[in-house]
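Undergrad: If you want the building blocks of each chain, they are given just below.
2 protein chains.
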Amino acid sequence: MLNVELEEAIELMTQSIEETTDFDEIELIDACGRISGEDIYAPMNNPPFDRSPLDGYALIADDTKGASKENIKTLTVVDVIYAGGDSKRTIKKGEAIRIMTGAKMPKGANCVIRQEQTNYGEDKVEIYKELSEYDNYCFAGEDIKEEDLLIKKGELITYVHIGILSSMGITKIKVKSKPRIALLVTGDEVGIPGESLKEGKIYDSNLHLLYSRLNEFGLKPIIYEIIGDSGEKVSKRICEIVDNVDLIITTGGVSVGQKDILHDALPLIGAKRLFWKVNLKPGTPAMYSLYKNKPILSLSGNPFAALTTFELLARPILGKITQNKNLYTKKVIGIMEDEFNKPSVRRRFIRAYFNDGKVRFVENKHSSGMLASMVGCNCLIDVSEGTLKLNKGDKVEVILL
Amino acid sequence: MLNVELEEAIELMTQSIEETTDFDEIELIDACGRISGEDIYAPMNNPPFDRSPLDGYALIADDTKGASKENIKTLTVVDVIYAGGDSKRTIKKGEAIRIMTGAKMPKGANCVIRQEQTNYGEDKVEIYKELSEYDNYCFAGEDIKEEDLLIKKGELITYVHIGILSSMGITKIKVKSKPRIALLVTGDEVGIPGESLKEGKIYDSNLHLLYSRLNEFGLKPIIYEIIGDSGEKVSKRICEIVDNVDLIITTGGVSVGQKDILHDALPLIGAKRLFWKVNLKPGTPAMYSLYKNKPILSLSGNPFAALTTFELLARPILGKITQNKNLYTKKVIGIMEDEFNKPSVRRRFIRAYFNDGKVRFVENKHSSGMLASMVGCNCLIDVSEGTLKLNKGDKVEVILL
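Which chain is which? The protein sequence lines are A and B, in order. Here the first sequence stands for residues 1 to 401, where the numbers follow UniProt numbering. Here the second sequence stands for residues 1 to 401, where the numbers follow UniProt numbering.
Careful, some of the hints might be misleading.
Said to hold, decoys possible - Mimicking DSSO-like on lysine-lysine, the simulated pairs with C-alpha atoms at most 27 Å apart in a straight line are:
#1 A:220 / B:92
#2 B:152 / A:172
#3 B:330 / A:358
#4 B:294 / B:272
#5 B:220 / B:145
#6 B:330 / A:395
#7 A:342 / B:272
#8 A:236 / A:220
#9 B:153 / A:395
#10 A:198 / B:92
#11 B:152 / B:392
#12 A:172 / A:198
#13 A:342 / B:129
#14 B:124 / A:153
#15 B:88 / B:107
If you are wondering where the hints come from, they were derived from the structure by calculation, not from laboratory data.
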């Protein structure tokens with residue numbers, strides 16, 4: 001299809017691919033930010049035993065009947081249990097066991113008196129308060145019950161999950177494999193940083209830009225190369241790598257210039273084009289193809305356009321493959337704090353700064369350039385086709401970066 | 001000091017330490033999320049040459065005088081320049097050079113006509129529009145001027161910076177070294193996941209929890225260990241590692257129980273205690289010491305308390321050492337969507353979910369436990385001392401996690 005709307009493009013792409021069915025088993029401690037590949041149910045109770053929630057004395061509630069500062073009850077202290085310890089004793093009438101926070105309740109006891117409500121006695125302890133059964137008493141499984149669902153397949157693993165799973169004695173977890181991404185930057189004008197720059201050429205920014213953005217998402221490309229403008233070279237490289245990757249992102253070569261070769265080269269190798277040209281600026285000539293069922297997203301070579309369409313088009317692909325909801329673009333409503341006076345003949349996305357519901361432009365004194373002006377921006381304002389201007393106070397749709 | 005307020009505690013900690021003065025030189029492509037260790041000024045213009053912003057013909061504006069569809073001017077096409085190319089020709093009166101987007105302007109030309117305003121001629125080209133000097137003409141340095149400041153020392157390096165620096169041919173960057181963090185989990189009750197659990201013990205969660213949280217910040221601890229409740233053991237270990245780390249975080253052993261040993265053990269080795277006990281819940285018994293000028297933050301052993309005080313106390317330390325503003329806790333104002341009916345005798349922090357200015361509690365059907373109830377939460381509500389209840393619609397201060 002030619003000239004699709006952004007929403008159509010996203011639909012076409014996400015319908016054309018499946019979520020990954022590959023999994024890795026990794027150390028739990030390294031699993032932060034990964035997607036769980038399994039439902040995990042609690043293999044045990046946590047705490048695994050009844051325990052004391054505070055420092056005090058474990059005893060039988062009946063023994064405190066009527067106790068107060070004026071009517072002191074005295075019990076015999078027969079043992080002491082620290083957290084991690086375990087008493088062999090079973091409490092009998094008239095007895096107490098000194099117990100610390102988190103320690104396992106001794107047999108026979110059915111409540112714990114706070115040490116502040118005693119005289120802190122070592123052999124004998126004075127009790128100043130009447131207690132009921134199960135006062136200050138934590139039951140086994142109070143935090144987590146055996147068979148509780150701890151994490152669902154497809155859920156993003158956070159540090160909290162890792163703490164919880166660890167508390168169950170778990171050390172390994174099955175996670176969805178990360179997509180294997182190839183990043184191919186085309187363009188005869190692109191020079192390699194670190195090498196000397198030939199007349200008429202510019203140093204790469206797209207490779208570094210998109211590699212780093214993927215890196216921010218925890219998705220380092222496994223292949224990233226600057227290759228020339230020859231359609232033959234690009235398509236040959238795609239044929240070589242397609243079986244070993246899950247997604248190919250290219251930049252450059254998608255316009256209609258004589259050297260914009262991707263829209264010819266891709267069909268030649270048998271890739272099926274799902275769309276070319278999206279009704280938005282910048283980055284109109286974005287293209288999406290499938291080759292051997294692998295998605296190929298081809299973005300414009302202009303860095304700001306590449307960046308914008310990466311956010312708008314690549315993120316939904318990544319979200320679909322990984323099932324990581326954070327990778328999908330996130331839309332919010334913002335209120336304009338600045339004016340934007342250019343009429344938008346076509347739908348366009350402009351860079352801005354979103355904070356606390358408000359949207360403003362960022363002034364970059366030191367640069368007028370496309371990419372340099374992105375510094376400090378954290379969103380794109382979605383300006384509809386035909387908008388004459390944006391006024392202060394206007395509600396706008398904003399894509400968070 | 002005993003019983004400090006949170007704000008005092010933060011002041012004491014951040015005043016007691018300096019930002020790191022260690023630097024690493026790393027590959028630019030790996031620098032995302034690091035803090036720049038240098039001011040970097042543009043070593044060159046970008047683009048490095050005057051160039052064409054579109055596909056068309058480079059020519060002399062004078063040659064188009066009076067041109068229109070009705071009054072066609074015809075020029076001789078003497079060369080073609082693709083992006084990345086360079087023409088040896090100097091344009092003379094009556095001549096034009098076919099030029100593609102991004103290509104270097106040929107000598108003699110002072111504007112570019114859009115190809116749509118011509119007949120796309122190859123040897124001769126028909127011109128349908130009058131142009132002025134420098135129409136469709138990009139000057140060298142339009143994006144970035146030589147000597148422009150590209151990134152400041154202390155600035156967080158984003159993917160946009162990396163794209164910009166790469167476009168300058170830069171391949172390496174000096175960054176602030178990451179702090180070397182040690183994480184020591186104390187407590188005789190703490191069993192090691194993967195090993196069998198002795199009676200009365202529970203599996204670790206703090207080590208995994210805080211390691212993973214630091215991992216989320218890109219700061220993997222270099223030392224992370226579960227050690228017993230012996231004050232001697234803990235202080236011996238601190239003495240061994242203190243010279244090789246920048247920050248030690250401990251959990252457990254800071255209460256007033258008989259085995260809560262850190263507040264005794266640390267002064268014994270000569271550590272200077274700056275505070276013990278902070279006026280907040282959970283995690284009151286947090287402690288902060290300096291030993292050989294290295295900060296030691298000691299948190300409560302209860303996982304939810306450890307997590308809360310990690311956010312409130314460890315993040316300001318990390319922010320100060322690394323100078324990464326994102327590591328400081330971030331406060332926002334939110335509107336309560338739920339009620340909270342427990343009176344707060346002391347200041348307390350309760351877990352909740354913040355979105356779009358609104359704060360609500362998260363129901364976790366499958367768990368009532370302290371840590372399990374953090375799943376799905378992304379903030380802590382700061383409830384002041386003496387608050388009787390929070391009502392729907394109340395404005396609250398919220399710490400974003």
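Undergrad: If a hint holds in the structure, say so; if it does not, say that too.
TA: Cross-check of the supplied hints:
1. Proposed proximity of residue 220 (chain A) and residue 92 (chain B) is contradicted: the alpha carbons are some 50 Å apart, above 27 Å.
2. Among the hinted pairs, residue 152 (chain B) with residue 172 (chain A) is inconsistent with the structure: their alpha-carbon atoms are about 42 Å apart, more than 27 Å.
3. As the CA atoms of residue 330 (chain B) and residue 358 (chain A) are separated by approximately 17 Å, the hinted pair is consistent with the 27 Å bound.
4. Note on residue 294 (chain B) and residue 272 (chain B): the hinted pairing holds, with a Cα-Cα distance of about 10 Å set against a maximum of 27 Å.
5. With a CA separation close to 38 Å, the supplied pair residue 220 (chain B) and residue 145 (chain B) exceeds the 27 Å bound.
6. Pair hint residue 330 (chain B) plus residue 395 (chain A) holds up; C-alpha atoms about 25 Å apart against a cutoff of 27 Å.
7. Between residue 342 (chain A) and residue 272 (chain B), the direct Cα distance comes to roughly 61 Å. Violation of the 27 Å bound is thereby established for this hinted pair.
8. A C-alpha spacing of about 23 Å is found between residue 236 (chain A) and residue 220 (chain A), which places the hinted pair at or below 27 Å, so the restraint holds.
9. Distance restraint check for residue 153 (chain B) and residue 395 (chain A): the Cα-Cα separation of roughly 36 Å exceeds the 27 Å cut-off, and the hinted pair is therefore not satisfied.
10. The hinted pair formed by residue 198 (chain A) and residue 92 (chain B) meets the criterion: a straight-line CA distance of about 25 Å does not exceed 27 Å.
11. Taken as a hint, the residue 152 (chain B) and residue 392 (chain B) pair is broken in the structure, with Cα atoms around 44 Å apart against an allowance of 27 Å.
12. Taken as a hint, the residue 172 (chain A) and residue 198 (chain A) pair is broken in the structure, with Cα atoms around 51 Å apart against an allowance of 27 Å.
13. Between the alpha carbons of residue 342 (chain A) and residue 129 (chain B) the distance comes to roughly 24 Å, so the proposed pair stays at or under 27 Å and holds.
14. Proposed proximity of residue 124 (chain B) and residue 153 (chain A) is contradicted: the alpha carbons are some 65 Å apart, above 27 Å.
15. Taking the CA atoms of residue 88 (chain B) and residue 107 (chain B), the gap is near 8 Å; set against the 27 Å cutoff, the hint holds.
In summary, the numbered hints that this structure violates are 1, 2, 5, 7, 9, 11, 12, 14.
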